[in-house]
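S.K.: Taken in order, these protein sequences are the chains called V and S. Oh and the first sequence: position 422 is 422 in this note's numbering, straight run, nothing missing. Counting the second sequence from 1 gives a position; this note's numbering is that position plus 564.
There's no promise every hint is true.
[Unchecked claim] Capping the alpha-carbon separation at 30 Å, the derived lysine-lysine pairs in DSS-like fashion look like this:
{"#": "1", "chain 1": "V", "residue 1": "Lys-180", "chain 2": "S", "residue 2": "Lys-931"}
{"#": "2", "chain 1": "S", "residue 1": "Lys-891", "chain 2": "S", "residue 2": "Lys-798"}
{"#": "3", "chain 1": "S", "residue 1": "Lys-931", "chain 2": "S", "residue 2": "Lys-789"}
{"#": "4", "chain 1": "S", "residue 1": "Lys-1011", "chain 2": "V", "residue 2": "Lys-327"}
Keep in mind that the hints were calculated from the coordinates and are not lab data.
Listed below, chain by chain, are the residues.
Number of protein chains: 2
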Amino acid sequence: MSAYQPRLDEVQFILHDVLQASHQIAQLPAFAEVDLDLMNQVLDEAGKFVAAEIAPLNRVGDEVGAQWRDGQVTMPPGFKEAYAAFWQAGWASLTTAPEDGGQGLPAVLDAVLYEWLCAANHGWTMAPGLLHGAYECIKHHASDALREAYLSKVGTGEWLATMCLTEPHAGSDLGRVRSKAVPQADGSYAIEGTKIFISGGEHDLTDNIVHLVLARLPDAPPGPKGLSLFLVPKFDREGQRSAVTCERIEEKMGIHGSPTCVMRFDGARGWLVGEVGRGLQAMFVMMNAARLHVALQGVGLLDAAWQKADAYAHERRQMRAPGSTEKEADLLIAHPAMRRTLETQRAWIDGGRVLAYRTGLALDQAKHHPEASAREAAQGWCALITPILKAAWTEQGFHGASACLQVFGGHGYVREWGIEQNVRDARIAMIYEGTNEIQANDLLIRKVLGDEGQAMRAMVASLMADPQASAARESLEVLLAATALCLEGRDHPEGLVRLHAVASDYLRLASLALLHWAWARIGTVMPAQARWTGPAQALHDWILPELPMRLALIAQQLKVPQAA
Amino acid sequence: MSAYQPRLDEVQFILHDVLQASHQIAQLPAFAEVDLDLMNQVLDEAGKFVAAEIAPLNRVGDEVGAQWRDGQVTMPPGFKEAYAAFWQAGWASLTTAPEDGGQGLPAVLDAVLYEWLCAANHGWTMAPGLLHGAYECIKHHASDALREAYLSKVGTGEWLATMCLTEPHAGSDLGRVRSKAVPQADGSYAIEGTKIFISGGEHDLTDNIVHLVLARLPDAPPGPKGLSLFLVPKFDREGQRSAVTCERIEEKMGIHGSPTCVMRFDGARGWLVGEVGRGLQAMFVMMNAARLHVALQGVGLLDAAWQKADAYAHERRQMRAPGSTEKEADLLIAHPAMRRTLETQRAWIDGGRVLAYRTGLALDQAKHHPEASAREAAQGWCALITPILKAAWTEQGFHGASACLQVFGGHGYVREWGIEQNVRDARIAMIYEGTNEIQANDLLIRKVLGDEGQAMRAMVASLMADPQASAARESLEVLLAATALCLEGRDHPEGLVRLHAVASDYLRLASLALLHWAWARIGTVMPAQARWTGPAQALHDWILPELPMRLALIAQQLKVPQAA
């Protein structure tokens, strides 16, 4: 098994040649000093760091895993040292504001960094994965006193953070959260309740852990509007250990290097973050960024699986390929089914990067563009594209990694080559940060039907106007047709139920149209090499035929029956 | 986590109401005493045995797994006792001939038994999984002396057996096998070489283990025609331990209860089975039966995953479903996406059973029907249907189990509910007994193109003539159209390469057409209950739209370019 190798050249091609990222960044005054050279330098260092420090720990993370004993969690060998190197080198604070101890670099660089980290070692990457969201949450919603105590610690990654949302009976449905927060005389709150699925709820990577906890005041109304957000440190400002305990960690299918904790709060001292009753809003401020990172986990794990399978297909000989002149056996890559698998996954990876990095740039624009209209347009892009990226690319991450496993035959099923770990690890990304079914409803029911399809039509129109992407015109028209069908489908007697049932088809169709757009962009600048022409052809041959099928399926469900 | 529950009523409905199995069996003189009551009695007992003895060991099999130490393999707690109960009760010898100590019952009953066993405990079921093939191999190819010593031991399951085919450089491509067999003065052979992926190569379930080993005589030609088959017992007839050692067992993604062994033969004493140079033929005699059982592993594991997800969807409440009047939250089953998932998998399970049990009946007919033409027709059905069933239903077993996992949200990813084990276990069935890519080539290149499509057209014609299945006519016509396209595709300048590339689409298309046929049959007898009407509608809404897509994809590849 060889460890994941970040490929700087491939990412640079997407960022610079396809997306002109440095030109986009140059329009944002906050990044006046960020030019192409600086971006490349940061990415070069990031790739080296990931390859040297993080990738080699992937297997030990899976095999040893995080270990719980008497409320303490010991991380796998090497994880602690790697994390210290990570935050001390400033990787945790890449996008943190300079006034909070950070480097103030664009979000798009962070997107690449986390894609590589996750490809190299998904389990380890869970640890810093929530830092940025916690930092933004504290920065924008916490009191001065809390910010003073916690902002730069979290912003630099010296302390890690958690998001304590889920409870045994409240998973996707956070409105059912029951944990209580009882006001105390000193202005703090006593937090009571049990949270599950808390990634990094306990560990030995940092001296302190900052928990952000959803709970209800005693007089709060039921449902989501009764939820408030509280900051509960593992150790308070006086160094006192809080009444929060890791009861156990889950045995999971994958990401064994990340402790998934059951956390019990026994009157733990916490402080309100943001307003009472607006806990979800405070927590979801960074949702688009978090979901983009999960989409990039799908891209990254698929690339990791692809690297292994591609290497194996170029060294393993089995049977003669059709038309072969080999005496005994051909390389696997000469077999059409194997080539198809590898090129198809490559089309998803490279196209996914175009869309995800463009969304990373949009996050930067939404925050820093001097013109309000540009900020709004970027925000609109993120709102529509993020659920599509999250659901479609995490699904492809899992299924594509499984397809790459198949290249190995029986060797893929054993630990030795490391590819079965990719498949196990990738499965979680379809579930967390909002299940893929939730993403589909968010896209179709809330965002598309919610504004009569206006934002979606506007986005498609802007993509169609892109002179570099005319090749994708037909697929984008299918997306418009599907959008129109869904809007009309509300008149169907079972419209609401059927729209929920086809939400995943609509999302998938949108992902295919966007993938086509991404490859149209790639097509205008790519070199005439099999590395790029192969996946471009695979898109046409093996992926896009699904587009009319999804449209037909949606039409069949939503066609309004004619009156007799 | 609840253990798998074999559902006698559901299997009886398919066997008797849909397939009239007892009428089919009544036409076979060998089974003159096998009537509907006896079949039901055997199945009733089988279900009880599986539920009581095998299903409860599924989790310990996964968690403890088979353990290797100094060449010895210890099976998980309870496995040895369960195996003793299994063979002593006669389950191992259900279809073994009475003269070899067996019960001489139809293969179709064995098919149901192994489906249930695998659904209940895939790892445990690997142990007896190769018995029947070894029994047939010894019965038809071994010398009298070998039969005398080994046939009834293997036929009753008192001793377990292995198939030692794969070597590190010879997986799908058995022609590359290098193990040597050097003739000895006493008529035996000294076997030398290393075999990998040997299921049950070593264990503590039985007093002896009978290895069937592919190897080459010193003067054998290269390639598959140089391979001969040898029987190497762990202990020979004098009780002497053979020079065959289990070097290690593999760490795998799943089926931890089955030791996957690396076996070293250091001049181990073996005896020729069948003719020199015809080892593959001797070993592949039972291939159709073995592949049918693997297809049923897919069906069984999918049913196991479905049982868990369906139960969870009927007890777990999250969020309000569209149009709901619930105050707080609905059951998951009320959510359209969840219902879609469960009904879609049910369509695959029940339709798969129709096809697999019919193929089980065909195995019985091919062996025992008094008329040669009927035997031939049954053999033809098996040859065409088996690769389709193996590939399509093991793929659905894995992907469908993953879809069922998704119903659990985050709880699906942790061990507690047992569903992630189903997903891990199910993955191997896409690989072993001929990878699914090999199945696709076997179907399209060897069987369909190999006889100009005659057998396929004849089979489709016979299904179209079935008055109970007229609803599937259109889908069967798509299968004919795809067959014609593939035959014409040989004229394409890149025909051979492209046919290999679309072989998996052709197989998938065939599976969809057959699934439609199976449900047309179900449709004529099923009760008007949601249990049956739901999956029937799901087939129409969510599965069959893929059929024209596969046809279009194949057409796009194989359309012969017009001369300018």
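S.K.: Hint by hint, say whether it matches the structure.
M.R.: To see whether the hints hold, each was checked on the structure:
| no. | hint | in the structure |
| --- | --- | --- |
| 1 | Lys-180/V - Lys-931/S | violated, 70 Å |
| 2 | Lys-891/S - Lys-798/S | violated, 66 Å |
| 3 | Lys-931/S - Lys-789/S | holds, 27 Å |
| 4 | Lys-1011/S - Lys-327/V | holds, 25 Å |
In summary, the numbered hints that this structure violates are 1 and 2.
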